[in-house]
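> Here is how the chains run, residue by residue.
Number of protein chains: 2
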Amino acid sequence: MELSKRQKLLKSLAQEGGKIVYLVMDGLGDLATGKYSETPLEKAKTPNLDNLVAAGACGLCHPVDYGITPGSGPGHLGLFGFNPVDVVIGRGILEALGAGFLLKKGDIASRINFATINKDGVITDRRAGRISTEECIRLVEKLSSIKVEGVEILVKAVKEHRAMVVFRGEGLGGSIIDTDPQVTGKKPLPAVSTDETDKASIHTAGLVNKFIGKASEVLSDEPKANAILMRGFDAYHPLPTFMETYKMRSAAIAVYPMYRGLASLTGMELLEIAGETVSAEIDTLQKHYEDYDFFFIHIKKTDSYGEDGNFDAKVHVIEEVDTVIPRIAALKPAVILVTADHSTPCIMESHSFHPVPTLINGKLVRVDDQKVFTEKACEHGGMGQMPSEMLIGLAMAHAGRLLKFGA
Amino acid sequence: MELSKRQKLLKSLAQEGGKIVYLVMDGLGDLATGKYSETPLEKAKTPNLDNLVAAGACGLCHPVDYGITPGSGPGHLGLFGFNPVDVVIGRGILEALGAGFLLKKGDIASRINFATINKDGVITDRRAGRISTEECIRLVEKLSSIKVEGVEILVKAVKEHRAMVVFRGEGLGGSIIDTDPQVTGKKPLPAVSTDETDKASIHTAGLVNKFIGKASEVLSDEPKANAILMRGFDAYHPLPTFMETYKMRSAAIAVYPMYRGLASLTGMELLEIAGETVSAEIDTLQKHYEDYDFFFIHIKKTDSYGEDGNFDAKVHVIEEVDTVIPRIAALKPAVILVTADHSTPCIMESHSFHPVPTLINGKLVRVDDQKVFTEKACEHGGMGQMPSEMLIGLAMAHAGRLLKFGA
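From first to last, the protein sequence lines are chains H and Y.
Following our numbering, the numbering of the first sequence begins with 323 at its first residue and continues without gaps.
Following our numbering, the numbering of the second sequence begins with 323 at its first residue and continues without gaps.
Pulled out of the complex, with its shape left as it was, chain H reads as follows (with noise of 0.2 angstroms):
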């Protein structure tokens, strides 16, 4: 993984500083068109928020390029300072992160479908007849006792027929086609590495191939998950740290494990949470204060009651970190930055291309003309606009944690 140019030179400038809470509200970003007058942001009584910007300055940042939709991999790579376009984290491995894995470097992840073979092994259901979730996580710990010498193999339920597995071990590669032949009537394929000359993927496919036929075996009295298909084959690569690109011992705070994942893959420790709240949150905030420079902090549920087009719920998450605001700088961090991945109108029920709203908040602030945080504000902001990828590094100057560049 190559860093940016941009990273290159915030690395060879870092130097230790002031610390950084750098909070992430999911989908923040709305949109006040048809029946909605207002954003959600505008109607949420935000006095703590609103104080940062009075006292700071506010702009929009595009997670990743102008008019682009992102997922929230490429959106929490912009926000970690990676070129979300150019660092591409697989599918394969961005579900595993999500299903609650923990990766280690060279492991390698894929998807399982359950599905339904006749006697003649050839795929009736591609889906098992969607079986419940509950049957999913009873299939999963049969799955769970096989043991294929080599390799240690990990196995978590997702949802429905669907589940994810992890090989880990020396020498694995990740190069293999789908078993998956995506249409009924045909029987499985069997792992193949995509390379011949990729001795890790043959050796790899090989021990999927023994993972799968044992797999048939502890499924076979199954009426309905007698089998697995394989999809989405992907190897793990962790991004450079935070600590070697920008010097700071670095902290997730978030709830969902998709957001802790991601924040894992750029060496963040991972900050237990007493509670699924956004004040358990800050509790834990509190609790190790002292031992990083910098706080990733994910709030999940903007963007989930983007995504249900609840309006008012978004409105109350949106209160609810506002009352937190004042926990935060009590701390008196050097810079306080809130942010969002992307833009999740409840009009659209879905992630959009809109630049977000940001504030920054600290002592070296070139304070705005703005006074309240809201999508409007942010536009004639004294941040401007800018990609969010730029965001990282405004917080680090912020906090005095880059040197002059040249002489």
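Possibly wrong hints are sitting among the right ones.
[Said to hold, decoys possible] Restraint ranges, calculated between C-beta atoms of paired labels, are given here:
| id | chain 1 | residue 1 | chain 2 | residue 2 | range |
| --- | --- | --- | --- | --- | --- |
| 1 | H | Leu424 | Y | Leu725 | 28 to 34 angstroms |
| 2 | Y | Asp408 | H | Ala602 | 49 to 55 angstroms |
| 3 | H | Asn531 | Y | Thr563 | 42 to 48 angstroms |
| 4 | H | Ala729 | Y | Glu360 | 43 to 49 angstroms |
| 5 | H | Lys330 | Y | Val410 | 27 to 33 angstroms |
| 6 | Y | Thr563 | H | His559 | 47 to 53 angstroms |
| 7 | H | Val689 | Y | Thr563 | 31 to 37 angstroms |
| 8 | Y | Val410 | H | Gly356 | 51 to 57 angstroms |
| 9 | Y | His702 | H | Glu566 | 55 to 61 angstroms |
| 10 | H | Lys654 | Y | Leu653 | 43 to 49 angstroms |
| 11 | Y | Glu360 | H | Gly704 | 27 to 33 angstroms |
In short, the hints are calculated from the structure, not lab data.
Note that CB positions come from ideal geometry on N, CA and C, so glycine has one too.
Chain H is already provided as a structure; the job is to place chain Y on it using the hints.
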């Protein structure tokens, strides 16, 4: 022709979606300075364009880069999503397009200057006494009678002593030196390939020399224009099309040959217009509205009057365009985008580097708080400032034509 990194991203995400009307008011941007206290766009009464802003957003676009004054080629390449510094259309090709040639892949274009030579073959006037355009047209008819075996030769008059020629056939090359020695008192140079290993260009240079020889014969009785000089040889390579890059059935509604030519470079269909008025252009839009996803409508006269320094006429054209906006809006495209290929300030009587006023209107636009379409409003608009290269993707995003990037 390589796509830019951004175009590759757009291509990978492009899907079906709503219709886009892309209205380019050539040279629209202007300056309120010197004898002008307002720009033409500020002076013009534009209630309908203002409505588009009031229910949409506006901003400023830099066609090529900060401080760079674009020619028509780069200005439009940016609007079409190409990086106008990386993708250079040769001057010969642009002039051929401007002269009204519809080029085919592999065509070789060159400028022709009519010149005067004495009895020893020495050039005495490189512009043949700046003959009239009528004279030029008469002489081009003579050149059009020339046949050279193995190649089709197409000649068009341009202006005064200037004409264009296109050589069409298999296996031609455009790496050929100018035959114009750039000074009087010398003989014209023979056409020679710039590359000894380039068989296509060597072959073509031979054909060009035959053409020049026959031109000398048919012009031998002319008192002034008894020879031709050739310069700016250029081979035509089509750009990737809108369909293959953006997955849009695209059409151009443009009166002037240069802009029809630029559109045809990207594979747009060239629609017929009954007349040259703005209203006639919108008649064409209405007639073909069902048949395409993307319409490039080009308004020439904003630029022409800017070049003439004719402030009042530029105001009048802007007002004329304003009157057709309701006809465009009545078609209910997903996105109406109004912009320009560059500024042409009346006070400068030329293209300029000033960023161009731009508006976007559509259901998914995050409405900003600007209410009118002027340079000043655009400085404060929600779109911010961006390279014009971004616009095509923004239009696609707002028309629902881009998938999410990454999981």
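> With reference to the structure, classify each hint as holding or not holding.
Hints, one by one, checked against the model:
no.: 1; hint: H:Leu424 / Y:Leu725: 28 to 34 angstroms; in the structure: holds, 30 angstroms
no.: 2; hint: Y:Asp408 / H:Ala602: 49 to 55 angstroms; in the structure: holds, 51 angstroms
no.: 3; hint: H:Asn531 / Y:Thr563: 42 to 48 angstroms; in the structure: holds, 44 angstroms
no.: 4; hint: H:Ala729 / Y:Glu360: 43 to 49 angstroms; in the structure: holds, 47 angstroms
no.: 5; hint: H:Lys330 / Y:Val410: 27 to 33 angstroms; in the structure: holds, 30 angstroms
no.: 6; hint: Y:Thr563 / H:His559: 47 to 53 angstroms; in the structure: violated, 36 angstroms
no.: 7; hint: H:Val689 / Y:Thr563: 31 to 37 angstroms; in the structure: violated, 49 angstroms
no.: 8; hint: Y:Val410 / H:Gly356: 51 to 57 angstroms; in the structure: violated, 44 angstroms
no.: 9; hint: Y:His702 / H:Glu566: 55 to 61 angstroms; in the structure: violated, 42 angstroms
no.: 10; hint: H:Lys654 / Y:Leu653: 43 to 49 angstroms; in the structure: violated, 57 angstroms
no.: 11; hint: Y:Glu360 / H:Gly704: 27 to 33 angstroms; in the structure: holds, 29 angstroms
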